[in-house]
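Novice: For reference, the chains in residue letters:
Number of protein chains: 2
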Amino acid sequence: MKEITVFSPATVANVSCAFDVLGFAVAQAGDRMTFRKTTQKGVGIVMKNFRELPVDPERNVAGVVALAMLQKINPDFGVSIEMEKGVLPGSGMGSSGASAGGTAFGLNQLLGEPFEKTELVKFAMLGEALASGVAHADNVAPNLYGGFTLVRSTRPLDVIVLPVPALLSVSLLHPLIEVKTKNARNILKKSVLLKDAVTQWGNVAGLVASLFSNDFDLMARSMQDGIVEPVRSLLIPMFYALKQAALDAGAIGCSISGSGPAVFALSADMDTAEKVTEAMQKVYAATEIPFETFTSHIGKQGCRILNDNKI
Amino acid sequence: MKEITVFSPATVANVSCAFDVLGFAVAQAGDRMTFRKTTQKGVGIVMKNFRELPVDPERNVAGVVALAMLQKINPDFGVSIEMEKGVLPGSGMGSSGASAGGTAFGLNQLLGEPFEKTELVKFAMLGEALASGVAHADNVAPNLYGGFTLVRSTRPLDVIVLPVPALLSVSLLHPLIEVKTKNARNILKKSVLLKDAVTQWGNVAGLVASLFSNDFDLMARSMQDGIVEPVRSLLIPMFYALKQAALDAGAIGCSISGSGPAVFALSADMDTAEKVTEAMQKVYAATEIPFETFTSHIGKQGCRILNDNKI
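First to last, the protein sequences are chains A and B.
Those letters in the first sequence? Residues 225 to 535, per our numbering, in order.
Those letters in the second sequence? Residues 225 to 535, per our numbering, in order.
Treat each hint with caution, since some may be false.
Identical copies go unnamed one by one, so any copy, or any two together, can satisfy a pair.
In silico DSSO-like cross-links for lysine-lysine, where the CA-CA straight-line distance does not exceed 27 Å [stated by the list, open to error]:
#1 Lys341 / Lys419
#2 Lys226 / Lys296
#3 Lys346 / Lys419
Rather than coming from a laboratory, the hints here were simulated on the basis of the structure.
Construct the complete structure from the given sequences, taking the supplied hints into account.
Specialist: Written out as structure tokens, the structure reads:
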């Protein structure tokens with residue numbers, strides 16, 4: 225294989241109550257990445273859009289992941305990575321996770337699959353460390369595994385793939401303002417009341433149970449975040465209006481995607497998800513803030529091959 | 225029906241990481257309670273053992289539950305409750321929960337089942353409020369529903385019954401020292417670090433997933449409590465020696481039952497659970513502290529009818 229093109233999905237992390245542990249892949253939004261063997265060793269980066277992102281591999285999310293993988297294998301060739309980002313940096317939809325996870329997945333294919341999926345997650349976490357200062361797996365786990373993933377622990381890494389109710393769909397509204405993950409982390413309180421933590425893990429338990437039992441009513445009751453959402457929503461204009469509009473339009477639940485500013489809502493099927501997206505659009509159309517929206521199935525698959533050149 | 229005798233199971237609440245939300249019923253340990261219609265209105269209590277417990281119905285856990293139920297129905301008869309406790313008060317194995325839940329269940333049968341199960345939980349919570357000052361459902365939910373129950377919320381009450389892996393068994397060692405639930409609550413810190421709370425709800429999510437997927441490895445990795453166990457274990461002599469002995473003997477996980485002092489361990493089957501009980505016994509046999517042990521399947525059923533007199 226000389227080159228391969230992969231699709232690397234957007235992801236929603238911090239699913240409501242399940243801050244830092246639960247995430248899912250978005251089927252119809254993501255990056256397109258092509259990996260080519262080069263005679264010159266090392267890593268070259270070509271940005272097809274977002275040309276302001278650094279192409280120095282040591283300062284590029286995809287670059288640091290690729291460098292670490294190549295260092296482990298030490299092949300007699302190099303790799304060029306051509307990226308066309310569909311997930312906007314700073315959106316809260318796992319932009320750096322898509323670059324990092326897509327590189328781990330795509331380059332592993334190009335190298336003849338020397339690494340297991342868990343190792344791919346670990347490589348991809350290096351990209352997250354560069355992007356946000358924290359080597360978290362919230363986005364790269366669903367990006368690589370697909371569906372809903374639970375990152376029970378990062379040290380040691382323990383990723384559990386949870387079932388996805390068949391028709392579950394997602395609406396996303398991304399206000400085109402930037403919220404840096406670092407800032408969104410810094411405004412969180414360092415400690416919480418035990419009673420609030422108990423409420424939160426009761427809801428996390430309910431949310432996980434709802435995925436196994438396809439119980440959307442339970443999912444709706446469980447999608448309540450009393451710890452992170454009340455703080456981070458301050459950084460998202462009209463957050464509660466968006467949430468109310470989504471719920472009124474039939475969404476199961478609605479919260480902040482990752483560290484924001486994107487807002488996601490889950491619905492029982494695509495028809496409802498489309499109505500929910502429309503309802504959220506209306507809220508933002510009445511403001512001056514530019515935005516983009518997505519409506520998608522949950523991505524049962526994570527990163528996937530679009531085409532390869534086996535010659 | 226003039227009288228009915230029921231079995232009301234012991235329960236393990238605060239299952240490791242899942243403080244205040246998860247509990248399960250113990251099949252082979254519990255109270256025996258007989259409910260008889262009396263011509264005189266009101267509630268009479270007869271203690272067949274533990275005669276030091278108050279028999280004034282307003283000061284007795286079973287009594288307050290029965291009074292509340294009778295007040296709602298206002299039948300033209302009264303009830304006498306004869307209790308033979310198998311769950312020792314102050315054991316941490318849901319003693320007050322067994323009295324309260326057993327009364328809700330048994331009296332409902334005697335009255336012709338006017339109440340739904342959720343209502344029975346609410347009545348039983350009145351007994352818990354008398355016993356511990358907090359109207360919690362951690363014990364009465366598994367006592368009434370059986371199996372593993374998640375109390376996602378108490379206000380409003382939301383009990384979710386979770387699946388029980390077929391052969392899952394429990395070992396219990398109850399040191400015969402008393403730890404009052406009130407005291408065990410008071411020593412807990414009022415707040416926790418957000419990062420510790422996140423670790424905890426990651427583990428709660430893993431534990432719930434393990435029940436659905438019969439994944440005992442995941443259950444083992446998830447049964448880690450970094451918040452409550454480190455504090456409450458101080459009240460339990462030799463706790464960490466017990467825990468180590470249980471794990472060495474093959475237990476999946478081990479933690480404090482309820483607010484202690486009983487310690488429980490889960491095992492994949494009864495054979496292992498018996499070995500685990502023996503291993504725990506050895507630890508305590510080397511001390512001067514009296515103790516009792518139990519080995520049991522998880523009680524798939526909660527309270528159940530032993531016999532009734534339909535005449």
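Novice: Now tell me, hint by hint, if it's right for this structure.
Specialist: Tested hints:
For the identical chains of this complex, Lys341 and Lys419 are inter-copy neighbours only, at 26 Å across copies versus 37 Å inside a copy, given an alpha-carbon limit of 27 Å. In this homomeric assembly, Lys226 and Lys296 come within 27 Å of each other (Cα to Cα) only inside a single copy, at 19 Å, whereas the closest approach across copies is 78 Å. Proximity of Lys346 to Lys419 under the C-alpha cut-off of 27 Å is restricted to the inter-copy arrangement: shortest distance 20 Å between copies versus 34 Å within a copy.
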